[in-house]
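Visitor: Listed in order, the protein sequences are those of chains R and D. Its first residue numbered 1040, the first sequence is counted upward by one per residue in my numbering. Its first residue numbered 2, the second sequence is counted upward by one per residue in my numbering.
For the record, the hints were derived by calculation from the structure and aren't laboratory data. Check each hint, because a few of them may be wrong.
To be verified - Stretch-level coverage of chain D by chain R, calculated; a stretch enters the list once three of its residues show a Cβ under 8 Å from a Cβ in chain R: (1) 120 to 130; (2) 175 to 189; (3) 192 to 199.
No residue lacks a Cβ here, since even glycine has one placed at the ideal position from N, Cα and C.
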Amino acid sequence: MQKINSNHLLKVDGLSVSFVTRNGIVKAVEDISFTVDIGKTTAIIGESGSGKSVSCYSLLGLIPTPPGKIDSGSAIFDGEDLLRLSNECLRNVRGRRISMIFQDPMTCLNPFMTIGKQLAEPLICHQRLRRGQARDLSIELLREVGIREPEITIDCFPHEFSGGMRQRVMIAMALINEPELLIADEPTTALDVTIQAQMLSLITELQNKRDLGVIFISHDLSVVSDFADDVIVMQKGRIVESGDRSSILGSPRHPYTKKLLSAIPRGGKAVSSVRGDLPLVQVSNLNTWFSSARYRTPIRAVSNVSFSILSGEVVGLVGESGSGKSTLGRSIVQLIKPTSGSVKFADLELTKLSNSLMKHQRRLIQIIFQDPFASLNPRMTVFDTLAEPMQLHKIVEKRDVTSEVFKIMNDVGLASSSVRKYPHEFSGGQRQRIAIGRALAVRPKFIVADEPVSALDVTIQSQVLTLIQELIDEYGLTMLFISHDLSVIRKISDRILIMHKGSIVEEGSGSKIFEHPENDYTRALIDAIPGRKLQVS
Amino acid sequence: MTEQEDLEINDIASGSSLSKDAWIRLRKNRPALGGLIILTAFFAIALFTPWIAPYGYEVQDLNLGATGPSQDHWLGTDIFGRDLLTQIMYGGRISLSVGFLATIVALFIGVTWGSIAGFVGGRIDSVMMRLVDILYALPFMIFIILLMVVFGRNMLLLFLAIGAVEWLTMARIMRGQVQNLRQQEFVEAAVAIGLSRSVILVRHIIPNAIGPIIVYTTLTIPSVMLLEAFLSFLGLGIQPPETSWGLLIAYGAETMEEYPWLLLFPGFFLAVTLFSLNFLGDGLRDALDVRGAKD
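Given only the sequences and the hints, what does the whole structure look like? Please build it.
Guide: Structure, rendered in structure tokens:
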């Protein structure tokens, strides 16, 4: 251990935290030591459940005790041990000298209070300012985090802001008492790539201006690869590797760090061999508009989109949230009725089919959803989930259903012993495998994959991506792969479509899009990919 | 073919895994199982009362009057010298059948009505729910009294009248649940598979809405029993010499100071029934919630 250095803002030493559960004591964090320096960023990397959030929450007394318990360790912040402070003193530190940004900006803001009131609250509470002063200071701060016209927007409610704007408000809230240490818990995971890039530069900018120490928690090494000073890699509650950025990224020693690095999607897909010349799916002049009582003109979620997918081809569709890419996917599989235009599947016009005829076509056209926590019926076992579509479309004889279910489970990499389990007993990655299995159960020809890996951790994401690639070859699938992440898309698709505000703005092969982007928006998307330094190396 | 696969095939034939797993979990839950056994016993006694009751329900012994528990009359007699145990047994027949049948009527109408309104949505939903609002607004005592006056006193009518009032809340709860569930992605996934709307409703939506419904059902049964006592007290339900637990308790309460056993014993049976129902209801809810019980 190094000597106490005056630059150390926070020094955590030998921290262990455990939780008492029904199945016995679970050690969430074991013997963790790290430091954060003034004006520097320490990044904690690990997949969900690795204890990265718990270790920071326990510093501020934010874990519920019981069942949580801090077993040992110390956390010296400005000469005082945070773990031994009384609740009273801790409350003074928390929010005033150490503040936090959380992952989900929607759930962390009170939907019934205006932004201004929520910002003023800590000022009035901690600094005993008067309302008028607090308001002036809030406006100033909102301007600093890049909110336009803060004099007006300060009286808006959270739902009137976009996701990125809400996260800016969260940052403003975290900074309002001029803390010395900022803990950011996956602050950009819920955001689009372009917004994420803006957020990261905002945090770095504020950090330099205010000499802020930052603990940045993330599951994604590429996100922190541009700005972290020190990187700590955690796995199963322990630190497996730590060091400065260049040594971790340049010469990782621990196999887990190497795995994390290799999980970052990079490079393009090899040109596939099994590719027909006939278009399987033809979309022409497709429009999907939503009318709403609040706006006089309908929202044009998809406007005048035309493209085709050849049989055996994987086409990637990229765009940020709100660009209409999910609506487009759902319109193609007729989960949303398009307003006008045509969708032809093997020369059959889907938009004109009656509901009952469409049900037959659903055997050939399937969809995989983004969130495996929401897309599986929580009260159906894996067996029921997989058997249901087979029995409906009579894919196999009744007596062969069981063996077919086991075959599908094997294909998507699920142990056959878990056939009687319910969705909640699986991790996110496993659930997505079940959802993929359900789509494959009817042996479809064409699958729309709507952000199938976006809700997953990076390492799991690369596993599922590899699985999807294998299944495409094995089942001879044609696929429309939707994602907001260009690097994921590039890895899996033969051709890429870029979608912006309801229209397709650019189309081409992966190498063409990346090397010679023609559209400004495409260029912005490529620039926003985190960790491009890693991609090049 | 392995043994495990054999087992799986039998499963498909015997219906969904959920009800089977739920039964296994319910059997492990001791209070719920106890509640189930007690309720079953009460039902059996009620069913066979005419054969096993120690006295006829009309038998009076005015010379005897009200006496405490004794060898001839285990739970004592009332002021007319009628055996209390016999009365409780015959009263149980009425109370249990009114309580359960009226609740089943309410459950059936309410769940069907609410889930259709919530699932179909749009104008049909508005019309269906406005009807519920209108019925809510009717003072229900007047409604029941009117029914009784027009059609005369009749057990079947009593079931229907109470059931017809109690389903309103059930329909509202169900509609809220279904509306929420309808927007979930797994329902969209079921559409994408090609399932028909009725199958989606029955297999994917209703099983996920069942928790609050069960809890509300266990709350409805006792309130229906008390409602029956109230109606009978007003002279609109059961009339002596027929009796029910509610009536026995009401009369017992009048003579509480002189003959406390006339209140205590019927009250005890009602309380045991309600406890059993609550334990069973909680157990059912937990058993059907696959996330809760993880061994």
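Visitor: Check each numbered hint from earlier against the structure, then list the numbers of those it violates in ascending order.
Guide: Number 1 - this is the single hint that the structure violates.
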